[in-house]
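Asks: Build the full structure now, drawing on both the sequences and the hints.
One-letter residues, chain by chain:
Protein chains: 2
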Amino acid sequence: MTTERPAVLQPEMPATRWGDPAHASDLPDGVRDLVGMVFPLHDTPAREDVTVPAPRLPDDLVAGLRALLGDGHVLTDDATRRLRTRGKSTPDLLRQRTGDLGDAPDVVVRPGGHDDVAAVLAWAQEHRVAVVPFGGGTAVTGGLVADPTGLAGVVSLDLGRMRGLLAVDPLSSTATLEPGLRGPEAEALLAEHGLMLGHYPQSFEYATVGGFAATRSSGQSSAGYGRFDAMVVGLRVATPVGDVWLGVSPANASGPDLRELFLGSEGAFGVITEVTVRVRPLPEVKEYEGWRWPSFVAGADAMRVLAQADLLPTVLRLSDEAETAINLADPESIGGEGGADGEGPGCLMITGYEGTPAAVAAKKAAVTAALTDLGGTALGPEPGEAWAAGRFGAPYLRDSLLDVGVLVETLETVTFWSNRENLYTRVKSALEAALPGAMVLCHVSHVYATGCSLYFTVAAPGGEDPLATWLPAKAAACEAIVAAGASITHHHAVGTDHKPYLTAEIGELGAEVLRAVKRAVDPAGILNPGVLVP
Amino acid sequence: MTTERPAVLQPEMPATRWGDPAHASDLPDGVRDLVGMVFPLHDTPAREDVTVPAPRLPDDLVAGLRALLGDGHVLTDDATRRLRTRGKSTPDLLRQRTGDLGDAPDVVVRPGGHDDVAAVLAWAQEHRVAVVPFGGGTAVTGGLVADPTGLAGVVSLDLGRMRGLLAVDPLSSTATLEPGLRGPEAEALLAEHGLMLGHYPQSFEYATVGGFAATRSSGQSSAGYGRFDAMVVGLRVATPVGDVWLGVSPANASGPDLRELFLGSEGAFGVITEVTVRVRPLPEVKEYEGWRWPSFVAGADAMRVLAQADLLPTVLRLSDEAETAINLADPESIGGEGGADGEGPGCLMITGYEGTPAAVAAKKAAVTAALTDLGGTALGPEPGEAWAAGRFGAPYLRDSLLDVGVLVETLETVTFWSNRENLYTRVKSALEAALPGAMVLCHVSHVYATGCSLYFTVAAPGGEDPLATWLPAKAAACEAIVAAGASITHHHAVGTDHKPYLTAEIGELGAEVLRAVKRAVDPAGILNPGVLVP
Chain A
1 MTTERPAVLQ PEMPATRWGD PAHASDLPDG VRDLVGMVFP LHDTPAREDV
51 TVPAPRLPDD LVAGLRALLG DGHVLTDDAT RRLRTRGKST PDLLRQRTGD
101 LGDAPDVVVR PGGHDDVAAV LAWAQEHRVA VVPFGGGTAV TGGLVADPTG
151 LAGVVSLDLG RMRGLLAVDP LSSTATLEPG LRGPEAEALL AEHGLMLGHY
201 PQSFEYATVG GFAATRSSGQ SSAGYGRFDA MVVGLRVATP VGDVWLGVSP
251 ANASGPDLRE LFLGSEGAFG VITEVTVRVR PLPEVKEYEG WRWPSFVAGA
301 DAMRVLAQAD LLPTVLRLSD EAETAINLAD PESIGGEGGA DGEGPGCLMI
351 TGYEGTPAAV AAKKAAVTAA LTDLGGTALG PEPGEAWAAG RFGAPYLRDS
401 LLDVGVLVET LETVTFWSNR ENLYTRVKSA LEAALPGAMV LCHVSHVYAT
451 GCSLYFTVAA PGGEDPLATW LPAKAAACEA IVAAGASITH HHAVGTDHKP
501 YLTAEIGELG AEVLRAVKRA VDPAGILNPG VLVP
Chain B
1 MTTERPAVLQ PEMPATRWGD PAHASDLPDG VRDLVGMVFP LHDTPAREDV
51 TVPAPRLPDD LVAGLRALLG DGHVLTDDAT RRLRTRGKST PDLLRQRTGD
101 LGDAPDVVVR PGGHDDVAAV LAWAQEHRVA VVPFGGGTAV TGGLVADPTG
151 LAGVVSLDLG RMRGLLAVDP LSSTATLEPG LRGPEAEALL AEHGLMLGHY
201 PQSFEYATVG GFAATRSSGQ SSAGYGRFDA MVVGLRVATP VGDVWLGVSP
251 ANASGPDLRE LFLGSEGAFG VITEVTVRVR PLPEVKEYEG WRWPSFVAGA
301 DAMRVLAQAD LLPTVLRLSD EAETAINLAD PESIGGEGGA DGEGPGCLMI
351 TGYEGTPAAV AAKKAAVTAA LTDLGGTALG PEPGEAWAAG RFGAPYLRDS
401 LLDVGVLVET LETVTFWSNR ENLYTRVKSA LEAALPGAMV LCHVSHVYAT
451 GCSLYFTVAA PGGEDPLATW LPAKAAACEA IVAAGASITH HHAVGTDHKP
501 YLTAEIGELG AEVLRAVKRA VDPAGILNPG VLVP
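Listed in order, the protein sequences are those of chains A and B. Heads up, the first sequence is in my numbering, so the first residue is 1 and it goes up one at a time. Heads up, the second sequence is in my numbering, so the first residue is 1 and it goes up one at a time.
Some clues are possibly wrong.
Because identical chains cannot be distinguished in the list, a pair is counted as satisfied if it fits within a single copy or across any two copies.
[Claimed, not checked] Distance condition first, Cα-Cα at most 25 Å in a straight line; then the derived SDA-like pairs of lysine to any residue:
hint: 1; residue 1: K364; residue 2: D301
hint: 2; residue 1: K286; residue 2: E382
hint: 3; residue 1: K518; residue 2: G530
Rather than coming from a laboratory, the hints here were simulated on the basis of the structure.
Replies: As structure tokens, then:
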């Protein structure tokens, strides 16, 4: 088939904030009252006109890039470079707000396809220039911050022109996508074929297919559709020493599964230029509901039972008591502030069902029976629909809170079921100890038969220097995760922020294996240097 | 918990045949008549008293091993060495039958646990001795044939003492098993906890947990319980340069999934000493049924629909017309020789349901409705029960056929649904062209949403030299698989037999990545040298 490209681009995000400025809103009064920790941010002008450091890359090298890609696809202006500086973690936003652009790339290039990418990588290897693949710019763990030590400079490889639907195989239920496609763009192209991906991380509106694969993203419908890495059946990867094209079958016994080495490789092993994924028919029906549980423990246990019975709805999430209390606009919806049983509002679970009417009805009936048996209280569609309406909105709220001096950030982890409570308690305690007066909220965002993720949201007074306030708390949380024997990240990836903790998770020899692979595919060390590989 | 070890060992298999000699049977007359190709095998005495070549390993090195493990666990007698020579492919059996024991290991060692394995590997690295991990000895792709070039000799690392259930985590539904546990032993230990693994490859009775992981095994209930690699959440691996202990969570975004690098590593990257797997409650109900389809195409398409609707029974298999005709003892069971529609016997599908009565009833009802809609004819439980009764019997039949001069072997592959017919036709044609007069049978043994496996059984006159008859046919089939763009193996692994075709599948750079990992974990090249890594 001919390559299809989306007609409309998502607008670029501002450097200091999330998303489309048209969607930004003032801080709701309710939230302002609730958080009770409003302070003016110190020296955070959130200016869009900050000066970017002068590029380090010599003119002759920039000229070499222009010769490769054409003048129009090699950009050195300040605004473009600023927009390719770091990602969208709270530290990233705070650094942008304070005008720290020390990590700005020297030049931004926009390859038009796999061959362009391969040419840039070969050029970068020859001239010892770091290359940072850039998709949606939504990284939250420092994955876009290359260490240029020993290199001539940093090229941001913006994949925004590689936004094609390259192939659809309806019989096999697969589609091949280019990496620069943002979530809504990929879905719009697939929808023309009656198909969908079904991958909805909170960053859905801006994050890209290449980023989903390179960071092992997991979305809000992952209970039904799986993690992104589980959807991938094929990858094409450009490296400085050649291409890898993997995926002749859904699975096989042809030795190690090398797809699993490039999934999660965060630009350090190559640039993903094509992704072949399982697709599904567009759902005819979408139904979201709320359930109330007397406690986080009870609700999580119910999730475990569903997962182990292979009886999962499309969406399954559970907020802890604190998150439930703060997220409910109307406590009456969950039985009043005292809760239906007089023991507080309890914990809100969201269940969602997507598919054909018959499949939705059958799954919903089975899940409803199981959850009722397990002690859940059905709350009807209202809480589910409220969640669905706001599912991509939290980063906008973060901006509004940062504006009034409230530090807000998220972090996440994953463990086996038997370790869930221990992990929860350790991380929550570590954050509360490190950030006096903080609110620490948590939800289970993804479940497996053998375990689940925990997603924490922290809000605290930012103080004079919100970044300095946050970093020790983040370190304390990471140390608590390691001490609990859990994974340092469920779906946010390693980047530079989590790299200090990776060796504890995979061992010294595991780290050496990563270095060995890195040497094989990137002998000059130009691929996203400093990211991922310990 | 204390390590539990099974009370009873499976008997050792004879060198020239499959399984327990007590279970061997004469060739049924029906099969003898059917195959119509009975010739006496030339020079295949199937003797059990063949002389094994003198060991190459110097006495001082053998003494070093005895110092490490104790005299009782270092064996050099001919019978033991012969029983650790190669695996159970038809070529392996034919070579044993003709007395070719050129690949015999020099010494067989029996480590008692992880530390013993680590000590042997460190010793082997120091003294440049090849180490071949040996589990059940059921390898069928040459995975037990180490190339000793440049090394002092070959040690067979028999994992038969490492047969413990190390841990059970009922809440997480996981268990940690030692690698030497054979299928029935693992299931018996888990059954004491009301749990099971649910992994039933045809080699189930002899193959081991370590082998399942090292070769990415797939079993007969994989539609419901998944491939073995998909069950694994944790691995402990001993290498000559240290240990790797992977699996802090079901899944995560901590970079590449290194478990997937050691799964399928076939002893070339280390010795798997512990495997943590998802377990399930023992099923209360097991029901197997037969379905008739007018054609292989129609039946395969029905499987595709089930897989893409996430509506899979526990067991789902489909024989092509030829396999259906030859496997049916009673053609009446499938509507008579002419078939219910007068167009031949059609194709037999086996469906199986395991679980709680309620879950089985619900799944069966949904699958039955779907298959009926798709044009299948329900045949009731008889064909399903006949299949279940004989599910591990085929290798015994192969011995009986080899006895009377009939060459019998299997091979398998996997592809995406849109390539299934092309792959089927190419491989079948290649085998028929290479082996005039051969019967080529096929079934789909495993399905995915995006594709399926094809498992071929070939029976042909063995001629004067059955091995020389088979090898060109195997090569032709492998070339057909590569030409069709499919995987060289769905679940039999690479070994030495498929190694020549691996680079076509993973590319030159993929092969270089495997070599890079190999150098990192096995710099002296002593781990199963010659196996897997191109």
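Asks: If you check each hint against the structure, which ones fail?
Replies: The structure breaks none of the hints.
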